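In terms of my numbering, the sequence shown opens at residue 1 and continues consecutively.
Bear in mind the hints are in silico, worked out from the structure with no lab data behind them. As the structure is a computational prediction, the values presented were derived from the model and not from experiment. Worth double-checking, as some hints may not be accurate.
[As the list claims (entries may be wrong)] Simulated pairs of lysine-lysine, DSBU-like, Cα-Cα distance not exceeding 35 Å: (1) K83 to K48; (2) K99 to K4; (3) K48 to K119; (4) K39 to K56; (5) K39 to K72; (6) K119 to K56; (7) K4 to K49; (8) K105 to K119; (9) K154 to K143.
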Amino acid sequence: MYSKETSPRWRAWYDLTYGRLLAMMVRCNEYNWACATMKAKGADFVDKKSNRWQFKPDGSLHYGSQDERMTKEATRLLTRCVKDNPGTPWAVLAQRELKDPFGFKVVEAYVAPPPPPPKPKPGKPAPPPPAPSNQRRTEQPRKLQKPVEAVLPKL
1 MYSKETSPRW RAWYDLTYGR LLAMMVRCNE YNWACATMKA KGADFVDKKS
51 NRWQFKPDGS LHYGSQDERM TKEATRLLTR CVKDNPGTPW AVLAQRELKD
101 PFGFKVVEAY VAPPPPPPKP KPGKPAPPPP APSNQRRTEQ PRKLQKPVEA
151 VLPKL
């Protein structure tokens, strides 16, 4: 079907869309694999000091051979889109997709918590908030001002 298609727009759209879908599927599988690995290993996976995990793009794939085939096909389609359609929006989007690898690696880090807020200086304590009043407040009705009429010249 692709070889019989004469419209270059259709071919560019097909290459870009199918390549992006395959890339997203591989990235989704790799992300799920990384999360499942962290969950399965539990405390053994985690450095005791770390309090942040970053999922960084990585070239190695861990999920399976099917992901490797999908990665090759996605790369082939996106590369063909860039090569056959230079200077088009399809090529720009395909280049963006190819910029990052399809796998993930988990990078652990420690980020110090923010310092506690400063304590108030000793001295005069802050005044207590006003006590709620049970009396109902009444408002005076307000009248809208009439607009000033413009003086029109006689014609």
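Against the structure, the hints come out as follows:
With a C-alpha separation of about 48 Å, the suggested pairing of K83 with K48 is violated against the 35 Å cut-off. A C-alpha spacing of about 30 Å is found between K99 and K4, which places the hinted pair at or below 35 Å, so the restraint holds. Between K48 and K119 the CA atoms are separated by roughly 31 Å; this keeps the pair inside 35 Å, and the hint holds. Taking the CA atoms of K39 and K56, the gap is near 18 Å; set against the 35 Å cutoff, the hint holds.
Distance hint between K39 and K72 is fulfilled; the C-alpha atoms sit about 29 Å from each other, no more than 35 Å. Straight-line distance between C-alpha atoms of K119 and K56 comes to about 39 Å, which puts the hinted pair past the 35 Å bound. Distance check on the hinted pair: K4 and K49 sit about 59 Å apart at the alpha-carbon level, beyond 35 Å; violated. Only pairs whose Cα atoms come within 35 Å are accepted, and K105 paired with K119 is rejected, the gap being roughly 42 Å.
Of the supplied pair hints, the one linking K154 and K143 holds, its CA atoms being roughly 32 Å apart against a limit of 35 Å.
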